[in-house]
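A.B. asks: Per the numbering used here, residue 1 is the first one in the sequence shown, and the count goes up by one each step.
By construction, these hints were calculated from the structure, which means they are not laboratory data. All the pointers check out, no bait thrown in.
Under the rule of at most 16 Å between Cα atoms (straight-line distance), these lysine to aspartate or glutamate pairs were calculated in the EDC-like manner:
hint	residue 1	residue 2
1	K111	D97
2	K91	E136
3	K132	D97
4	K91	E130
5	K111	E130
Here are the in silico distance ranges between beta carbons for each label pair:
hint	residue 1	residue 2	range
6	E109	P21	44 to 52 Å
7	K111	T238	33 to 41 Å
8	R75	S138	35 to 43 Å
9	G70	G248	35 to 43 Å
These numbers come from a predicted model, not from an experiment. Note that CB positions come from ideal geometry on N, CA and C, so glycine has one too.
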Amino acid sequence: MPSDFIALDRLGMTYEAQSGPVEALRDITFGVGRGEFVALVGPSGCGKSTLLRIVAGLRSPTAGDVTVDGRPVTRPIAQVGMVFQAPVLLKWRTVLDNVLLPAELAGLEAKRYRDRAHELLQLVGLGGFEAKLPRELSGGMQQRASLCRALLLDPPLLLMDEPFGALDAMTRDEMNLELLRVWGEGSGGAAGSDRKTILFVTHSIPEAVFLADRVVVMSPRPGRVARIFPAALPRPRTAQTRASADFGRLTLEIYDILIARQA
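Using the sequences provided together with the hints, build the complete structure.
C.D. replies: So this is what it looks like as C-alpha cells:
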C-alpha cells in the first residue's frame, strides 16, 4: 500500500507455557493502508486474535516490529476501537450509558459526547432504544450498541475480533451490511480518506470476502501469512454480491488454500 497505517515487519510471538515455549506467530509481514478494510482468516489457534492484541499494544511481540500511523507500538494505543465476539455491555447501564463508557474511561466529560452517541445509535437503527438495558435488546442490537461504543471517540482504527460469530446467519448478514454502511458504503457513513482502517478477524471465508478489500490467509500454528488475496469485487457490496461468480470463485480459492495448508 502507498501509505500503510498499520505495518507489521517480521512479527513473531512465542509464549512461555508450563510445558515449554509455544510459538504462536512467525515472520508476519504485511501492511494495512489508511482507510483499508483487511480481513484475517485462518484455522483456530493460528494466532489471529493474538495479532490483533499486538497491533492494539495489549501484548508485546517477541520478534519483529509493529507501527500504527508511523509510530512504533510499545504500549496500548489510545486511538483504537475494539469490538469482540461478545458485546460486553454492562448489564446495569442503559444503552446510551454503555456507548458513553469510553469517554468516561478516558477521563473526558461524558455529556460532551451525548450528541455523538445519539447520532451513532440513530445511524445503526437504535434510535429510541437509548434508555433500554442490554437484556431488553436482541443479540444483533447489542452488537450494534457495541459498535457505537467503539466509534464514540472517532478512532481512526477499528480492530474487530469475530464480532458477529455468535449471531444467527440472517442477523450476521444484516450486521455485515450495517458495518459496511458505517464504514462508508452507501449513505450515512464516511467516505474516502475519512474511512476507518479496519482489521477484522473471522473464521468465515464468505464473510471475509464480502467485507474486505484484501483477505490475509494464515497458516496453522505457528501462524504465518500463507497468501494475501485482493477482494476486487465492486462496491458498494450488496446481498447480490454473494451470488456473483467472482464471489464464489474467490471464496473457493481461499478455501482450497486453507485446506491445503492444514493437510
